[in-house]
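Each chain, letter by letter, is given below.
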Amino acid sequence: MKFPPPQRPGRSSPSRVVVTGTGVITALGCGWDSNAEGFRAGGTAFRPVTLFDVSRQRAKTAAEVDLPAGLPPARLPAKVARRLGRAARMLLWAAHQAWSQAGWQAHDNLPVVLGSTGGEMSYGEDYFRHAVSKPRSQRGQPTRVVRYQLQRQGLDLCDALDFHGPVTVISNACASGSNAIGHAFQLVRAGGAEKVFAGGYDALCHLTFAGFDSLQALSPTSCRPFDAARDGLLLGEGAAMLALEAFDHARARGADILGEIIGYGAATDIHHLTQPHPEGEAALAAMTAACAQARVTPEQVDYINAHGTGTPQNDVTEAAAINRWAGPRVAGLRVSSTKAGIGHLLGGAGAVEAVVCLMALRGQWLPPQRLPGAPDPACRFGIVREPVDAKIEIALSNSFGFGGANASLLFRRWR
Amino acid sequence: MSDVFVSGLGAISPAGWGFSALCDAVERNEPVPARDCPRPGWEKPLRTRVVPPPPAHPSFLNHPRLRRASVIAQHTVAAAQEALGAGGVPGRLGIVVSMLAGVINYSRRFYEEVLRDPATASPVLFPETVYNAPASHLAACLGAKGLSYTLVGDDGMFLQSLALAAQWLAGGEVDTCVVIGAEELDWMPADAVRLFCHGEIHGSGAGAVCLTAKAHGAIARLAAVTDSFSFTQRQSRSEAARRVRSQLPAGAPGELLCASARNLPRRDAAENAAWADWSGARLAPTFVLGEAFAASAAWQCVTACEAIRRGRFAAVNVSVVGASQQAIGARFVKPGL
Numbered sequence: 001m002k003f004p005p006p007q008r009p010g011r012s013s014p015s016r017v018v019v020t021g022t023g024v025i026t027a028l029g030c031g032w033d034s035n036a037e038g039f040r041a042g043g044t045a046f047r048p049v050t051l052f053d054v055s056r057q058r059a060k061t062a063a064e065v066d067l068p069a070g071l072p073p074a075r076l077p078a079k080v081a082r083r084l085g086r087a088a089r090m091l092l093w094a095a096h097q098a099w100s101q102a103g104w105q106a107h108d109n110l111p112v113v114l115g116s117t118g119g120e121m122s123y124g125e126d127y128f129r130h131a132v133s134k135p136r137s138q139r140g141q142p143t144r145v146v147r148y149q150l151q152r153q154g155l156d157l158c159d160a161l162d163f164h165g166p167v168t169v170i171s172n173a174c175a176s177g178s179n180a181i182g183h184a185f186q187l188v189r190a191g192g193a194e195k196v197f198a199g200g201y202d203a204l205c206h207l208t209f210a211g212f213d214s215l216q217a218l219s220p221t222s223c224r225p226f227d228a229a230r231d232g233l234l235l236g237e238g239a240a241m242l243a244l245e246a247f248d249h250a251r252a253r254g255a256d257i258l259g260e261i262i263g264y265g266a267a268t269d270i271h272h273l274t275q276p277h278p279e280g281e282a283a284l285a286a287m288t289a290a291c292a293q294a295r296v297t298p299e300q301v302d303y304i305n306a307h308g309t310g311t312p313q314n315d316v317t318e319a320a321a322i323n324r325w326a327g328p329r330v331a332g333l334r335v336s337s338t339k340a341g342i343g344h345l346l347g348g349a350g351a352v353e354a355v356v357c358l359m360a361l362r363g364q365w366l367p368p369q370r371l372p373g374a375p376d377p378a379c380r381f382g383i384v385r386e387p388v389d390a391k392i393e394i395a396l397s398n399s400f401g402f403g404g405a406n407a408s409l410l411f412r413r414w415r
Numbered sequence: 001m002s003d004v005f006v007s008g009l010g011a012i013s014p015a016g017w018g019f020s021a022l023c024d025a026v027e028r029n030e031p032v033p034a035r036d037c038p039r040p041g042w043e044k045p046l047r048t049r050v051v052p053p054p055p056a057h058p059s060f061l062n063h064p065r066l067r068r069a070s071v072i073a074q075h076t077v078a079a080a081q082e083a084l085g086a087g088g089v090p091g092r093l094g095i096v097v098s099m100l101a102g103v104i105n106y107s108r109r110f111y112e113e114v115l116r117d118p119a120t121a122s123p124v125l126f127p128e129t130v131y132n133a134p135a136s137h138l139a140a141c142l143g144a145k146g147l148s149y150t151l152v153g154d155d156g157m158f159l160q161s162l163a164l165a166a167q168w169l170a171g172g173e174v175d176t177c178v179v180i181g182a183e184e185l186d187w188m189p190a191d192a193v194r195l196f197c198h199g200e201i202h203g204s205g206a207g208a209v210c211l212t213a214k215a216h217g218a219i220a221r222l223a224a225v226t227d228s229f230s231f232t233q234r235q236s237r238s239e240a241a242r243r244v245r246s247q248l249p250a251g252a253p254g255e256l257l258c259a260s261a262r263n264l265p266r267r268d269a270a271e272n273a274a275w276a277d278w279s280g281a282r283l284a285p286t287f288v289l290g291e292a293f294a295a296s297a298a299w300q301c302v303t304a305c306e307a308i309r310r311g312r313f314a315a316v317n318v319s320v321v322g323a324s325q326q327a328i329g330a331r332f333v334k335p336g337l
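In order, the protein sequences belong to chains A and B.
Under the numbering used here, think of the first position of the first sequence as 1, with each following residue one higher.
Under the numbering used here, think of the first position of the second sequence as 1, with each following residue one higher.
Next comes chain B alone, as it looks inside the complex (with noise of 0.2 Å):
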């Protein structure tokens, strides 16, 4: 098995266009603002983590393929440029994409034309509403015709995809590979959280990484993903948080923690309880910056490499407690280590 090196990183959150304002609001450890999101039949609307217009109008858009694509293609493709650097697609080009709620606004509103009438539901809408339409609207914009995989889970299914995209490298079917974590607001999903944790506040975006099998330029290593361990009957969420963090090193002084609380006790209890040693630093993208599921996930993993290449710590564990499927961790440290 030869080593994975990470090569770049991407980012929109609501804390802005790019990864740098992703891991300073980060670093400052406070919330990003909420705003308020209306609702069908509700005065009271949702409160949600948006994020904010672009700085200037993306090249990007310009691509034919995106006058029409959703929010969270755009954000896909946004970040996967980031993380891919403007050096273009390097060699054979892999893409994996996860996410939960997937293109939620357009099926929506897809859904609400069928039941005022089906027989003149919008032929626009539909093709947009699957899952992999971001991963196709990415591959059209790159250029890229060879292995895209759309996974669908929790927040987890971000960490997987790292592992998918390390398995394709090990196997030589790709040379370089963009893993995207990504969700966009709806109220929907909005309203869904908020059923099962109340103070979950709805964030969105997209976080993208990079990974190559070349040392060279590399921002981190991935040293480690570990098993993915599905909350079910015989495995409760506890004891699932417990067995990833019994696969990660016990952690070093001067080492990092990137954990998926959200400073919520009752959503945070299992991973808190397996990390209940950690004596390092912590840091809890999802807490300033609300949940987005894969894209929480995907902030995470920025989150840490930025801090290994800000030379902030030489290595950090990644812990993600899913909302709904699974507990899995990984490990990324300075190349070299």
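So here's chain A without its partners, still in its complex pose (with noise of 0.2 Å):
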């Protein structure tokens, strides 16, 4: 039942909640291996767009995912398989990765968790002008819903790795992968589930791409978080997925650990739709509560993946969030947003953000971003431009999104 849930025998304390596998594809690459030597090494994967014209857009760039050749094995009936969309593979990629990692089999009623802002777009889109263009043909038309809907990834993926469970799709614009993993947490946290499977993914498409644009919230020339002189973000597309367990769990079972989760904090900033509050109270909140939830200080945070979009807007209001949050231990925090190389993933950012604290906390190093020009003076912390070796704890990663919804969670390296 999912209410009221079952009662864990023995069980008197909130799961510790640990990650067992781990599935990433970006503009970097596909699997852990690439974009940990990606992003270790600070690499940026922005090229002119070809999924879509953008001659008349003022931004003509993006990170596009390399989509690998065929499907990963996958219990998917070929037609089924020859219709997956860009947003389907790539999550399907990532699970799978996860899935293989994490050792997990077939299970029944494995709940999945994910993120998205549009699942297939572009499945939409075609419905529509195929609508208007031709409206007395339906040829194409009942896949192209079907494929458009969110929760049908999350479905595609059930049966890819011949598993179900419920799917819950969050869709909390940019904060939408956080909030998933932040979910699952929970979940297993409070023994609601031994394992979830979550994260976060989305597929570049014209309407949202059109929509940042006109919003001129697009860089026409690079995406430079933190840098005074920033004139706008850059949007990618990717996939990630996490294993989720309880560590007696993960533990009895032998698993490989790849870190904790320890805290998750979200909030809702009232102030505008898309804009900011000006002080970042709801960061401010979310973070404090990941902190408060994991007994963690600032002090104990050694490295936050930032949202860092590289909007003016964004950036000031997370410097303002972070400094506040930090105190006197600003000037010591290290900080840096790895959206600077594969720009931004909307619903899965997240997700690959978790991954990349992952990765970081495993092989105690911190990802450097393009910082080509002054830091924004609001920046009281440091922001790591150049590859280093690090030892890092705890990782903090943000996530905040258009209707004021603001995510963090907490991580804890795992030894």
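Hints may be right or wrong, so weigh each one.
To be verified - Which chain A residues stay away from chain B? Per the calculated CB distances, all over 10 Å, these:
1. F128
2. D302
3. A331
4. G373
As the list claims (entries may be wrong) - Interface residues of chain B toward chain A, partial, derived using beta-carbon atoms under 10 Å:
5. V152
6. Q167
7. D227
Hints are computed from structural coordinates only; laboratory data are not their basis.
Built from N, CA and C at the ideal position, the CB exists for glycine as well.
With the hints as a guide, bring the two chains together.
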């Protein structure tokens, strides 16, 4: 039962929640190794957009994923596999990696929690164009309707990996991926599930690209978060999945543990639909809540993977929130935004950045970001600009989105 | 696990503004008249069930955030405010909004502009197209700065939302949580539902249930939300419906089943088979109000709770066999049971 949840005998305190598998696909590559190498080196993967016509847009670049040919091993009928769009394909690649790494088997009632802002939006675009250009022809329209829906990608994932369970899709704009992992973390922590498959994904599509461009939020030059002369974000695409498990369950089956999730905080910024509160009130609330849950102080946090979109407003607001949250600790804090390398993945951002934090904790390095000019004076913390090895125990990941969705996740090194 | 109670209801539906109008229409069991909805390229319009204009200008529309807000956002706010009542926001408020098609009208209009010329597409429309815009507007109207999720999925996502709210209440993360299911009318989803089931009529509106851990003044108690059983290769629609049935009590005489049936045999087959042994009363709000996905499931729950409040039934099972994702159920009982 979802409610009341099953009582687990002998369980008196919240479960520790560990990550036993991750999968990631971004413009830097497909899989842990290529992404870890790219993030560790501060690689960038922007190029002219080829997926749709951007000749009439201000911005003309994005971080497109080079999708591998075919699909990972999947129990999908050939007809279904042929119809999968970019978003579903990226999600399946990430899911397959995480599933394999975790060593999970076919399962009944394994919850799936996903974050996405658009699902397979390009199918929705196709549906509309077909409906207005060939209204009397319904050829392909049912498929477009089915494929467009966000929950479809979650169901595809279940079918591909031969399990079934409840599929929950959180669409809290650019915080969706973090909210999904946070929700999954809470489920395991509270004893509602022993394992949850969680992550986020989004593919580039014309509607979203044009939307950010219409707001003049896209950079016509380059993405350089926290730079004093930054002029906007660049979009990317990708997916990441995490296999979350109760520590006792993971230990009992001898799983290799990649890291621990120790805190999650979420808050709503009611200042404006798209503009954050100037002092970052909700961002501060989310970071504070995550730390309170983890019983961690800012002094114990070694690294922040910032939301850091590169827009003038986001970065100064996030900087203000980090300054206030960290207090005297701020000068020694190291921060970077990996969006400088792979762009803003929207619903996939929080999930990919969670994996980046786990990579950094496991490899004991900090992911640098491109910062060609002087940092914004609002940044009282250190920005990681060069590849560097570092001793880090705790990392925090921020994700903020339209509609005032703010989420923070805290990760601890596992050893 | 502490108890969870229903403290308020709200609904905007083709039957009118307010949950009483909804429940009266469902009790009459007569479909609300359908109206024409034009679609491009066709002389014959689609048939849809539309929310009528409000009896008076709602005061909440004066809020600055709602000046350009979509219809779905307006209905979300209206239903939530009715569920919360006149007392304002009690303590830490959580918000969960569920939907399938989302802000489809603005999305379609924005994309039309993009196709005409992306260089001049309106920056006013785009922010309103995101799924969580209605939840954001609601939070702003209520001054709610805590947890707020927008869940996207089929009809059953509303019941998943109830379980999420109950989880937040149990974890002490919120004191009250308003759960809303909403869909808005547009020719695109109206056309799409027809592709899968002839005779299906698209509806629109919102339903809201306010949950709290306090028993005082409660309308009903949320006794259970079943697991969500996804429609996958390994689990058919019929099997999913059967598993929902197996998790809910058999039902005593005098109980009600609030089903998701549409009076469309193909669409209803899985649910009808699962509940073939049910001998008690049945109501089917979607048959009366139209297919409005998450809003439909919300109306089922509102109907269930109001039936308890009106003293018609002591316990109500809600069965949702969704359009494309899942089967899930819930059970509401009279407070004290």
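- request: Against the structure, test the hints numbered earlier, and report the numbers of the ones violated in rising order.
  value: Number 1 only.
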